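Asks: Single-letter residue listing:
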Amino acid sequence: MAVTPAPVSIWPFVRLKLRITRNGLRGRPARIAMFVLGAVTAGLLAIFGYAAFATPGLLDSARSAEVLFPFAGAALVFGWFLMPLLFFGIDDSLDPAQFALLPLARRTLLGGLAVAALIGLPALATLAATAGMVDTAARLGGPGAALAQLCGIVCGLLLCVAVSRAVTSAFATALRSRRARDLATILLAVVAASLGPAQLLLLGLLNQANWSSVELIAEVAGWTPVGAPYTVGLDVVAGRAWAVPVKLLIVLVSVGGLLWWWSRTLERAMAGAATAGSRRGSTATRSDGRGPVDQLLFRWSPRSRFGALMARETRYWWRETRRRAALITLAVAGVFLPLTSAFGSGGARGLAVVVGAIAPIGLANQFGYEGSAYATNLATGIPGRLEVHSRAAAHALFTVPLLLLVAVVTGLLAGGRPESIPAQFGTLLATYGVGLALVLPVSVRAAYALPDPTTPFALSSGGGLGKALPSLGAMVGAILGALPVLLAGGLLGPVWLWIGLPIGLAYGLAAYALGARLAGGLLDRRMPEVLAAVTAR
Amino acid sequence: MYMSIPAQRLPGEGGTAAMSLRGLVKRFDARLAVSDLSLDVPAGSFYGLLGPNGAGKTTTLSMAVGLLRPDAGQALLLGYDVWQSPAEAKSLVGVLPDGVRMFDRLSGPELLAYHGLLRAMPAEVVDQRSRDLLDVLELGVDNRTLVVDYSAGMKKKIGLACALLHAPRLLVLDEPFEAVDPVSAALIRDILQRYVSGGGTVVFSSHVLEVVERLCSHVAIMSDGVLRMHGPLATIRGDRSLQDVFVQVVGGRVATGSELAWL
Numbered sequence: 001m002a003v004t005p006a007p008v009s010i011w012p013f014v015r016l017k018l019r020i021t022r023n024g025l026r027g028r029p030a031r032i033a034m035f036v037l038g039a040v041t042a043g044l045l046a047i048f049g050y051a052a053f054a055t056p057g058l059l060d061s062a063r064s065a066e067v068l069f070p071f072a073g074a075a076l077v078f079g080w081f082l083m084p085l086l087f088f089g090i091d092d093s094l095d096p097a098q099f100a101l102l103p104l105a106r107r108t109l110l111g112g113l114a115v116a117a118l119i120g121l122p123a124l125a126t127l128a129a130t131a132g133m134v135d136t137a138a139r140l141g142g143p144g145a146a147l148a149q150l151c152g153i154v155c156g157l158l159l160c161v162a163v164s165r166a167v168t169s170a171f172a173t174a175l176r177s178r179r180a181r182d183l184a185t186i187l188l189a190v191v192a193a194s195l196g197p198a199q200l201l202l203l204g205l206l207n208q209a210n211w212s213s214v215e216l217i218a219e220v221a222g223w224t225p226v227g228a229p230y231t232v233g234l235d236v237v238a239g240r241a242w243a244v245p246v247k248l249l250i251v252l253v254s255v256g257g258l259l260w261w262w263s264r265t266l267e268r269a270m271a272g273a274a275t276a277g278s279r280r281g282s283t284a285t286r287s288d289g290r291g292p293v294d295q296l297l298f299r300w301s302p303r304s305r306f307g308a309l310m311a312r313e314t315r316y317w318w319r320e321t322r323r324r325a326a327l328i329t330l331a332v333a334g335v336f337l338p339l340t341s342a343f344g345s346g347g348a349r350g351l352a353v354v355v356g357a358i359a360p361i362g363l364a365n366q367f368g369y370e371g372s373a374y375a376t377n378l379a380t381g382i383p384g385r386l387e388v389h390s391r392a393a394a395h396a397l398f399t400v401p402l403l404l405l406v407a408v409v410t411g412l413l414a415g416g417r418p419e420s421i422p423a424q425f426g427t428l429l430a431t432y433g434v435g436l437a438l439v440l441p442v443s444v445r446a447a448y449a450l451p452d453p454t455t456p457f458a459l460s461s462g463g464g465l466g467k468a469l470p471s472l473g474a475m476v477g478a479i480l481g482a483l484p485v486l487l488a489g490g491l492l493g494p495v496w497l498w499i500g501l502p503i504g505l506a507y508g509l510a511a512y513a514l515g516a517r518l519a520g521g522l523l524d525r526r527m528p529e530v531l532a533a534v535t536a537r
Numbered sequence: 001m002y003m004s005i006p007a008q009r010l011p012g013e014g015g016t017a018a019m020s021l022r023g024l025v026k027r028f029d030a031r032l033a034v035s036d037l038s039l040d041v042p043a044g045s046f047y048g049l050l051g052p053n054g055a056g057k058t059t060t061l062s063m064a065v066g067l068l069r070p071d072a073g074q075a076l077l078l079g080y081d082v083w084q085s086p087a088e089a090k091s092l093v094g095v096l097p098d099g100v101r102m103f104d105r106l107s108g109p110e111l112l113a114y115h116g117l118l119r120a121m122p123a124e125v126v127d128q129r130s131r132d133l134l135d136v137l138e139l140g141v142d143n144r145t146l147v148v149d150y151s152a153g154m155k156k157k158i159g160l161a162c163a164l165l166h167a168p169r170l171l172v173l174d175e176p177f178e179a180v181d182p183v184s185a186a187l188i189r190d191i192l193q194r195y196v197s198g199g200g201t202v203v204f205s206s207h208v209l210e211v212v213e214r215l216c217s218h219v220a221i222m223s224d225g226v227l228r229m230h231g232p233l234a235t236i237r238g239d240r241s242l243q244d245v246f247v248q249v250v251g252g253r254v255a256t257g258s259e260l261a262w263l
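Protein chains in written order, with the numbering used here: chain A, 1 to 537; chain B, 1 to 263.
It is worth saying that the hints were derived from the structure and are not from the lab. Here the structure is a predicted model, which means the values were calculated and not measured. Glycine is no exception: its CB is placed at the ideal position from the N, C-alpha and C atoms. Some hints could be false.
What the hints assert, rightly or not - What the simulated footprint calls covered on chain B by chain A, stretch by stretch (three residues with Cβ under 8 Å from a Cβ of chain A suffice, anywhere in the stretch; the number is not a length):
| # | stretch |
| --- | --- |
| 1 | 99-109 |
| 2 | 112-120 |
| 3 | 125-136 |
Sequences are here, hints too, so could you generate the full structure?
Replies: What follows is the structure, given as structure tokens:
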């Protein structure tokens, strides 16, 4: 006989959330520091936001408020939309799947999760910041406008929370399969890599935009669900009180729609927890008669330990999503950096060298990428030097063609001097070699565990400043170390066009040989320690 | 069914233990994970290492095969010190670690080829043995699915195949039967039994007493990082069941019937 679930109030969810927050902090100074830092940041953002939103009122400028509020409101909602994507998997304390086995009515669960989301720091900070809009409305239009704006920002907060919860739950469902997660990671890398170019594009557009069209867009945005809650007070100020109920209705209908979508995805997110393992990856069986060895190795690989190590590493640069993301970022940066300066001051050659210094950074935590799988190489007793050489070779297989491309792009577009391409390539190789020489020992000495790649958006979590510092140092060091070659290029003039490539190549190779020797010896002494360092706990 | 079985014991090696641990100690922060553990595994034995979760089984086996550096003590594999002469020791041993990832972005055949080539085996032998193992363990010779997408049981099987590939003299298996379905478990048992009867030595950890009781010639029981009992199965067991001995040694409680009366 089924027991009718007793009506559960939403307070247990609130207490649960507070308790999880508290227990997460217990006895962990680093976490407490992070929490305090987060609280301070949220507080500063709230104060800053309040000040920004209250400024139009202080200046008595309704016109600027009419532009600021809808855009800022839209940005806020967009931020709430992005938040679960960035922090997905970091805060899964109230993951719907955790409640799958409890006899809870869906309505209770929805209410509880929503309220729990409302009592977090982000919600409080958002509310505090948007309170500045109430301030402005009060100064411009008196208590009536303030009241309308207050209703507006509360509805706006509801909208923000509904958006973020619905997105979280939809993602929890969508990201169950490994392929979807891999795809999301790559997409995120592409988006992140193209932020720089996009920013320039946007700036260019803004330079050409005129004020009246901006005002028109703001007015239209004010009638969309993302802008409506933040403009109701201004409508009262402008004498359009009739717009207030209409806009609030728009927002509430949107919130209702989001909640409906959320409740549907929530059910799947909960059910998915039990069925996640049942979906089997497609068993791709292609019989082309190639034996296991030929399947692993490339046609040109030596059939030796080095060949196997390098082939595995090469496949990993493509198949492991974080590595592929790193390669994509490098490729975008490599082509983009010389291009930007090509159309600017003409320092393309200088910036191109930076690409040579950035390239080895992908190896700075090379043992962290595969995590405890390194145990295989350790259990078979691979000598340190062989390990280091094979990994560098696989990396160079992707990087050297890219550097050649950078040299060609720089030579053709930036200077319009195709004859400088070989010397430029030589300089890049010298920088890359010095960078490798510095990064390889760092990768042995300062290896650290990356989070388990089950969450595509936990890309950078776990890599604090302290962990990034050695690789940044290596990058600067690569440029300093390649300085003799750079200076030679500057001083020798036309002769350099002929000897630049051989000298750069020799310089880079010599630096690499030294670094690899050092890293190999270091690895021979520290193999178990490296394994322990990259094993996620 | 072709399986490579290691050569019979070499002359002059008689009496050498296949695995010999001397005073191993490992400390994680303040916690003593393994405390002064000494154990001899006779060559040709089927040795089961038993213990509840967190007893230190994985830590012990990791130190024994050179994956974890002990704070003190020695580990000898077939007479070679795994920390002094790692190349010789590691070439004679096959390892299936637990809780450790494999290079799982390779397909099963690729992973086997990788292991074989790392062991410096000739490519033809790698191909031949890989096909045999994939066939026997029903993993599919032409299966291009990445190991990361394998089920838990298939992962165990491919891990075992990698450990067997170079026909080692000693197999060290951490929880080889965990998450394996009964049919595959029976297959793995058969393979291991044949391996031992051919002169190989198996050391494996488990907390499934039935498997240990059925397979092992020798048993060691650990809890809280201490080796509580070790020796031939018959001696350890006496006239009781292994279960009773285990629970008594480890110090677990046995339900008397008075608690949970409402169930």
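Asks: So, for every hint listed, does it hold in this structure?
Replies: Now the hints, each set against the structure:
| no. | hint | in the structure |
| --- | --- | --- |
| 1 | 99-109 | holds (count 10) |
| 2 | 112-120 | holds (count 9) |
| 3 | 125-136 | holds (count 5) |
Consistency with the previously given hints is maintained throughout, with no hint failing.
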